[in-house]
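K.L.:
Below are the chains, spelled out letter by letter.
There are 2 protein chains.
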Amino acid sequence: MDTPYLLVDISIAVAQYHRIAAAFPGTPVYYAVKANPEPTLLIELVRAGCHFDVASRNEIGLALAAGADPVTLSFGNTIKKAEDIAYAYAQGVRLFAFDSLGELEKLAVHAPGSAVVCRVLASSKGARWPLSRKFGCAPEMALDLIRWAAANGLDPAGVCFHVGSQQLDPGRWEPSIADAAALFARLAADGINLRLLNCGGGFPVDYQTEVASIDKYAKAIDAAVASHFPARPALMIEPGRYIAAPAGVLHTEVVLVSRKSYADEPRWVYLDVGRFGGLAETEDEAIQYRLSTPHDGAPTAPVVLAGPTCDSVDILYQNAGYELPLALRPGDLVRIHGTGAYTATYASVGFNGFPPLRTVLDRADRADRRAAG
Amino acid sequence: MDTPYLLVDISIAVAQYHRIAAAFPGTPVYYAVKANPEPTLLIELVRAGCHFDVASRNEIGLALAAGADPVTLSFGNTIKKAEDIAYAYAQGVRLFAFDSLGELEKLAVHAPGSAVVCRVLASSKGARWPLSRKFGCAPEMALDLIRWAAANGLDPAGVCFHVGSQQLDPGRWEPSIADAAALFARLAADGINLRLLNCGGGFPVDYQTEVASIDKYAKAIDAAVASHFPARPALMIEPGRYIAAPAGVLHTEVVLVSRKSYADEPRWVYLDVGRFGGLAETEDEAIQYRLSTPHDGAPTAPVVLAGPTCDSVDILYQNAGYELPLALRPGDLVRIHGTGAYTATYASVGFNGFPPLRTVLDRADRADRRAAG
Numbered sequence: 001m002d003t004p005y006l007l008v009d010i011s012i013a014v015a016q017y018h019r020i021a022a023a024f025p026g027t028p029v030y031y032a033v034k035a036n037p038e039p040t041l042l043i044e045l046v047r048a049g050c051h052f053d054v055a056s057r058n059e060i061g062l063a064l065a066a067g068a069d070p071v072t073l074s075f076g077n078t079i080k081k082a083e084d085i086a087y088a089y090a091q092g093v094r095l096f097a098f099d100s101l102g103e104l105e106k107l108a109v110h111a112p113g114s115a116v117v118c119r120v121l122a123s124s125k126g127a128r129w130p131l132s133r134k135f136g137c138a139p140e141m142a143l144d145l146i147r148w149a150a151a152n153g154l155d156p157a158g159v160c161f162h163v164g165s166q167q168l169d170p171g172r173w174e175p176s177i178a179d180a181a182a183l184f185a186r187l188a189a190d191g192i193n194l195r196l197l198n199c200g201g202g203f204p205v206d207y208q209t210e211v212a213s214i215d216k217y218a219k220a221i222d223a224a225v226a227s228h229f230p231a232r233p234a235l236m237i238e239p240g241r242y243i244a245a246p247a248g249v250l251h252t253e254v255v256l257v258s259r260k261s262y263a264d265e266p267r268w269v270y271l272d273v274g275r276f277g278g279l280a281e282t283e284d285e286a287i288q289y290r291l292s293t294p295h296d297g298a299p300t301a302p303v304v305l306a307g308p309t310c311d312s313v314d315i316l317y318q319n320a321g322y323e324l325p326l327a328l329r330p331g332d333l334v335r336i337h338g339t340g341a342y343t344a345t346y347a348s349v350g351f352n353g354f355p356p357l358r359t360v361l362d363r364a365d366r367a368d369r370r371a372a373g
Numbered sequence: 001m002d003t004p005y006l007l008v009d010i011s012i013a014v015a016q017y018h019r020i021a022a023a024f025p026g027t028p029v030y031y032a033v034k035a036n037p038e039p040t041l042l043i044e045l046v047r048a049g050c051h052f053d054v055a056s057r058n059e060i061g062l063a064l065a066a067g068a069d070p071v072t073l074s075f076g077n078t079i080k081k082a083e084d085i086a087y088a089y090a091q092g093v094r095l096f097a098f099d100s101l102g103e104l105e106k107l108a109v110h111a112p113g114s115a116v117v118c119r120v121l122a123s124s125k126g127a128r129w130p131l132s133r134k135f136g137c138a139p140e141m142a143l144d145l146i147r148w149a150a151a152n153g154l155d156p157a158g159v160c161f162h163v164g165s166q167q168l169d170p171g172r173w174e175p176s177i178a179d180a181a182a183l184f185a186r187l188a189a190d191g192i193n194l195r196l197l198n199c200g201g202g203f204p205v206d207y208q209t210e211v212a213s214i215d216k217y218a219k220a221i222d223a224a225v226a227s228h229f230p231a232r233p234a235l236m237i238e239p240g241r242y243i244a245a246p247a248g249v250l251h252t253e254v255v256l257v258s259r260k261s262y263a264d265e266p267r268w269v270y271l272d273v274g275r276f277g278g279l280a281e282t283e284d285e286a287i288q289y290r291l292s293t294p295h296d297g298a299p300t301a302p303v304v305l306a307g308p309t310c311d312s313v314d315i316l317y318q319n320a321g322y323e324l325p326l327a328l329r330p331g332d333l334v335r336i337h338g339t340g341a342y343t344a345t346y347a348s349v350g351f352n353g354f355p356p357l358r359t360v361l362d363r364a365d366r367a368d369r370r371a372a373g
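Chains as they are written, first to last, in my numbering: chain A, 1 to 373; chain B, 1 to 373.
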């Protein structure tokens with residue numbers, strides 16, 4: 001098959017869903033559709049009982065097309081056009097996130113009576129793909145916004161936060177849970193009784209090295225909730241990477257192996273996929289995928305790994321210490337593991353004339369699909 | 001019209017082509033198709049007498065579909081699959097760039113007898129979108145590669161280099177021209193007579209501030225060639241940004257204006273286009289576009305400017321000192337100027353469910369097209 005393509009094994013994603021759902025008993029799992037919106041994956045997650053975190057009008061459409069009940073959708077993006085809020089509401093979505101007065105004003109008009117959840121700024125220290133201050137507001141402002149929501153025909157349900165994607169420290173949720181508990185307490189004094197704590201995503205997967213088990217994360221969150229809340233609120237979580245990443249293997253071909261000079265420099269290995277073809281999370285070498293080649297086990301040496309476009313920022317790894325076999329040659333297949341999340345939909349429509357990354361379902365999934373179709 | 005969209009005025013791009021062609025009399029201009037492969041633009045550039053620098057099989061197809069003669073194409077990407085070289089050769093392309101033995105070996109088999117041009121490493125100091133060591137080889141290696149090409153049935157035509165895109169220093173071409181002249185001289189001593197000097201692209205456009213005129217660049221290059229070469233070689237240039245950037249205005253809507261806290265922080269302005277929707281060159285705030293709003297002239301204050309996705313790296317400008325009117329509100333149209341190059345094809349296929357950036361041709365162009373159709 002012509003490379004590059006992303007081979008997705010949906011059964012792995014479904015198993016990951018069951019694993020995280022079991023680690024958080026009684027807590028609904030909202031799959032972050034943005035991680036991988038492959039329709040067959042969404043259908044299987046609906047069957048498994050999953051809920052969905054959606055970022056846009058199109059993601060709502062995809063979830064509903066997969067059979068999701070609109071009341072299992074959370075419109076988690078805090079940056080929504082008025083007409084997209086109205087669309088969501090008309091489709092039956094009743095749970096929305098916000099972090100500003102501007103967004104609440106739109107929600108009050110276009111989603112009256114809906115449950116709204118205030119996103120509070122959180123530290124994402126320890127995350128491989130950290131979050132900036134782009135989302136969330138300071139707790140003092142959250143207080144006023146939630147009061148405004150209550151006074152303007154919305155249902156102030158609770159608080160959400162996000163500790164950053166691929167968060168390697170299970171203890172990182174605790175400070176935000178403490179902040180949320182303080183907000184719950186202060187608002188209860190005003191007669192506003194919040195009930196929902198959305199602990200977001202960030203649950204990591206093994207790329208090159210083993211991460212703590214999902215049970216460790218669940219226990220840390222459970223303990224933090226127990227210690228900071230006098231009465232346990234309803235919880236929800238929003239994993240994306242955790243469910244989808246292990247389900248994908250990106251298949252790519254070596255296009256060229258070269259050196260830049262006769263000095264003792266690393267070889268340059270150019271693949272037929274790069275940062276603009278789906279590997280956007282290699283920006284600043286943030287996500288370091290595991291690679292396999294037909295020569296694994298043979299002697300290796302350092303390489304710079306780059307994509308095929310004429311753009312010089314299209315370099316995957318230069319400083320991360322990657323080594324590949326000396327026997328590697330143009331035409332060799334390289335597998336990039338753990339690429340089921342945040343890859344295919346990031347791909348450019350055609351930068352440098354290279355087509356977007358295709359998704360190919362694993363044979364077993366395709367057989368299921370034919371049987372079901 | 002629903003935002004976001006890129007409004008392209010093809011007549012501006014054609015005028016830019018004529019401007020640069022006039023500044024470099026007798027030098028063929030190879031438009032870098034990757035900058036903007038809009039079919040109508042390519043048709044008009046063919047009519048104007050433009051040649052084309054292509055990066056991939058698909059870009060070759062686009063140029064040929066626009067009516068380009070294959071002998072006016074240069075396959076300038078130094079990272080090519082063997083089958084794509086064979087495709088280019090079968091289509092009549094006879095000019096190829098390389099910077100490694102691995103690439104020459106493919107060219108010798110799949111494009112025998114073709115003119116090949118060796119890309120030499122150049123400094124891109126002074127460029128807003130600099131090039132890394134990804135492309136090019138050291139001059140000592142170039143010597144051996146060109147000798148290898150001559151001995152293996154290829155036509156070693158010359159040398160190419162690239163000083164980095166949006167290069168603000170007209171003097172930056174001179175060191176590479178000197179390197180090239182030295183290679184010409186050393187190879188002439190071997191009986192290999194190079195004849196072609198490809199000075200690449202990098203010619204800048206006015207984004208926020210005025211850059212030196214294209215005539216200044218042409219004169220600096222002409223003077224450097226005259227001073228380093230005993231006999232003037234054939235020249236070629238490969239502008240992309242210079243031709244396409246001024247032809248585009250990205251139309252986007254304000255989705256949200258917010259603050260993160262009650263501290264005296266900048267406002268956050270969220271647009272319906274961001275880094276994954278076509279503004280990839282705002283990475284590290286490299287390319288700083290000029291913005292206009294319906295409130296221009298009214299009092300302004302500092303802002304952080306961000307895109308609509310749930311990805312926190314989807315921030316356009318945080319440190320570049322952008323100010324926007326205090327009157328700016330959700331729904332306001334913001335025009336991003338000079339966005340005709342390196343935008344629409346960079347856009348993701350659907351990250352976060354947002355559709356790719358559409359290109360809309362200016363009314364006059366559409367009328368021409370109807371008349372021609």
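A hint or two may mislead.
The list treats identical chains as interchangeable, and a pair is accepted whether it falls inside one copy or across any two copies.
To be verified - Taking lysine to aspartate or glutamate pairs in the DMTMM-like style, the calculated list, with each CA pair at most 20 Å apart, reads:
no.	residue 1	residue 2
1	Lys219	Asp190
2	Lys260	Glu105
3	Lys260	Asp190
4	Lys125	Asp332
5	Lys216	Asp206
6	Lys260	Glu140
7	Lys216	Asp332
8	Lys260	Asp169
9	Lys125	Glu323
10	Lys260	Asp144
11	Lys260	Asp179
12	Lys125	Asp206
13	Lys219	Glu140
14	Lys216	Asp155
15	Lys219	Glu83
16	Lys125	Glu285
If you're looking for bench data, these hints aren't it; they were derived computationally from the structure.
K.L.:
Determine for every hint whether it applies to the structure shown.
P.N.:
How the hints compare with the structure:
Taking the closest pair of Cα atoms, Lys219 and Asp190 never come within 20 Å of each other, the shortest separation being 31 Å inside a single copy and 73 Å across copies. Only between protomers do Lys260 and Glu105 lie at most 20 Å apart by alpha-carbon distance; the minimum there is 16 Å, versus 57 Å within a single protomer. Taking the closest pair of Cα atoms, Lys260 and Asp190 never come within 20 Å of each other, the shortest separation being 68 Å inside a single copy and 23 Å across copies. For the identical chains of this complex, Lys125 and Asp332 are neighbours neither inside a copy (38 Å) nor across copies (35 Å), given an alpha-carbon limit of 20 Å.
Taking identical chains as interchangeable, the C-alpha atoms of Lys216 and Asp206 lie at most 20 Å apart only when both belong to the same chain, with a minimum of 14 Å there against 54 Å between chains. For a Cα distance limit of 20 Å, the shortest separation of Lys260 from Glu140 across copies, 10 Å, qualifies, whereas the shortest one inside one copy, 55 Å, does not. Taking CA atoms no more than 20 Å apart as the test, Lys216 paired with Asp332 passes in neither setting, with 39 Å inside one copy and 47 Å between copies. Taking CA atoms no more than 20 Å apart as the test, Lys260 paired with Asp169 passes in neither setting, with 40 Å inside one copy and 25 Å between copies.
Within a single copy, Lys125 and Glu323 get their C-alpha atoms no closer than 28 Å, and across copies no closer than 29 Å, so neither meets the 20 Å cut-off. For a Cα distance limit of 20 Å, the shortest separation of Lys260 from Asp144 across copies, 12 Å, qualifies, whereas the shortest one inside one copy, 59 Å, does not. Proximity of Lys260 and Asp179 under a CA criterion of 20 Å is satisfied inter-copy only: 16 Å between copies versus 53 Å inside one chain copy. For a Cα distance limit of 20 Å, the shortest separation of Lys125 from Asp206 inside one copy, 19 Å, qualifies, whereas the shortest one across copies, 39 Å, does not.
Taking CA atoms no more than 20 Å apart as the test, Lys219 paired with Glu140 passes in neither setting, with 29 Å inside one copy and 60 Å between copies. In this assembly of identical chains, Lys216 and Asp155 lie within 20 Å of each other by CA distance neither inside one copy nor across copies; the values are 33 Å within and 64 Å between. For the identical chains of this complex, Lys219 and Glu83 are neighbours neither inside a copy (40 Å) nor across copies (54 Å), given an alpha-carbon limit of 20 Å. Taking CA atoms no more than 20 Å apart as the test, Lys125 paired with Glu285 passes inside one copy only; the shortest distance there is 17 Å, against 23 Å between copies.
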